[in-house]
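All chains should be built: construct the whole structure from the sequences, respecting the hints.
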Amino acid sequence: MGEADDGNGAAAYNYAHFDVYVAAGGDVADEAAFWASPRAGQRAPDFTLPRLGDGADVTLSDLWRSKPLVMEFGSFT
Amino acid sequence: MFIYTREAHPGENVPCHDSFERKLTCAKLLREEAGIGRDILVDDLDGTVHRAYGLMPNMTWVIGRGGRVAYKADWTSAANVEAFLERFLAARAEHPSRATPVMYETQQAEFRYPDRKRFAEHLLRNGPRAAAEFERAQQLWARRPTP
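First to last, the sequence lines map onto chains V and B. Residues in the first sequence are numbered from 1 upward in steps of one, following our numbering. Residues in the second sequence are numbered from 1 upward in steps of one, following our numbering.
Among the hints, a few may not be true.
[As the list claims (entries may be wrong)] Stretches of chain B that chain V covers, calculated by requiring three or more beta carbons in the stretch to come under 8 Å of a beta carbon on chain V: (1) 8-20; (2) 74-88; (3) 95-103; (4) 109-118; (5) 133-145.
Hints are computed from structural coordinates only; laboratory data are not their basis. Backbone N, C-alpha and C define an ideal beta-carbon position, used for all residues, glycine too.
If you want it as structure tokens, here you go:
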């Protein structure tokens, strides 16, 4: 992805400038996406991601199979 | 478990991710500096998992045993998550009446008290540009019409 990004790809997701993202309404759209995401009682989306450190593939449904799973999302800020 | 997403406030020191390798490097740095002891899973460069769960920068979800959403909050409060988990686990235990629990759903306003000084330090850690851009974003928010 690069200059030819369609607006929904990796370059748009990984915006370079927070103020430009806010000016374009990105924060408003993302909040709407949160409320459009699965609700309490609905099935949680399942994915497999690499674990930092050993790179092992971890599948979310393996983690919530036998006990509740707390998932915190974040970055440096 | 912690899922590393895009950088919410990219700057000169912690830039936006232009490759998965860079994302991994930033995730490692975060683990070291924030001292995160939990497992960290790294989302892909497109933010596939972040998108599926709703794109908020500091959110927490609890998924019940078996895979149904039990809790979602657009901001992470450890105290709030802990209080919820206590109620949630108690509800799953056998009730004295042996009645079967029936789920209902709530949406509540919660309040937090941002530590402005600490947040400003984090922005500067990412880079002076991250701090300047947040300042401009605040001006944009101030001009937004109230819904």
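- request: Closer than 8 Å, Cβ to Cβ, for at least three residues: run that test on the stretch 109-118 of chain B against chain V and report holds or violated.
  value: With 0 residues in contact (Cβ-Cβ under 8 Å with chain V), the coverage given for the stretch 109-118 of chain B is violated.
- request: Check, residue by residue, whether the stretch 133-145 of chain B contains three or more positions whose beta-carbon lies closer than 8 Å to a beta-carbon of chain V, and give the verdict.
  value: Contact hint for the stretch 133-145 of chain B vs chain V: holds, 6 residues under 8 Å.
query: Checking C-beta pairs, does the stretch 74-88 of chain B have three or more residues closer than 8 Å to chain V?
result: Held - the stretch 74-88 of chain B has 5 residues with a Cβ nearer than 8 Å to chain V, which meets the minimum of three.
field: Coverage claim, chain V over the stretch 8-20 of chain B, checked by counting residues with Cβ within 8 Å (three needed)
entry: The restraint on the stretch 8-20 of chain B holds, since 8 of its residues have a Cβ under 8 Å from chain V and three suffice.
message: Using a Cβ cutoff of 8 Å, are there at least 3 residues of the stretch 95-103 of chain B near chain V, or does the coverage claim fail?
response: With 1 residues closer than 8 Å to chain V, the stretch 95-103 of chain B misses the three-residue bar; violated.
Checked against the numbered hints listed earlier, the structure breaks hints 3 and 4; every other hint is satisfied.
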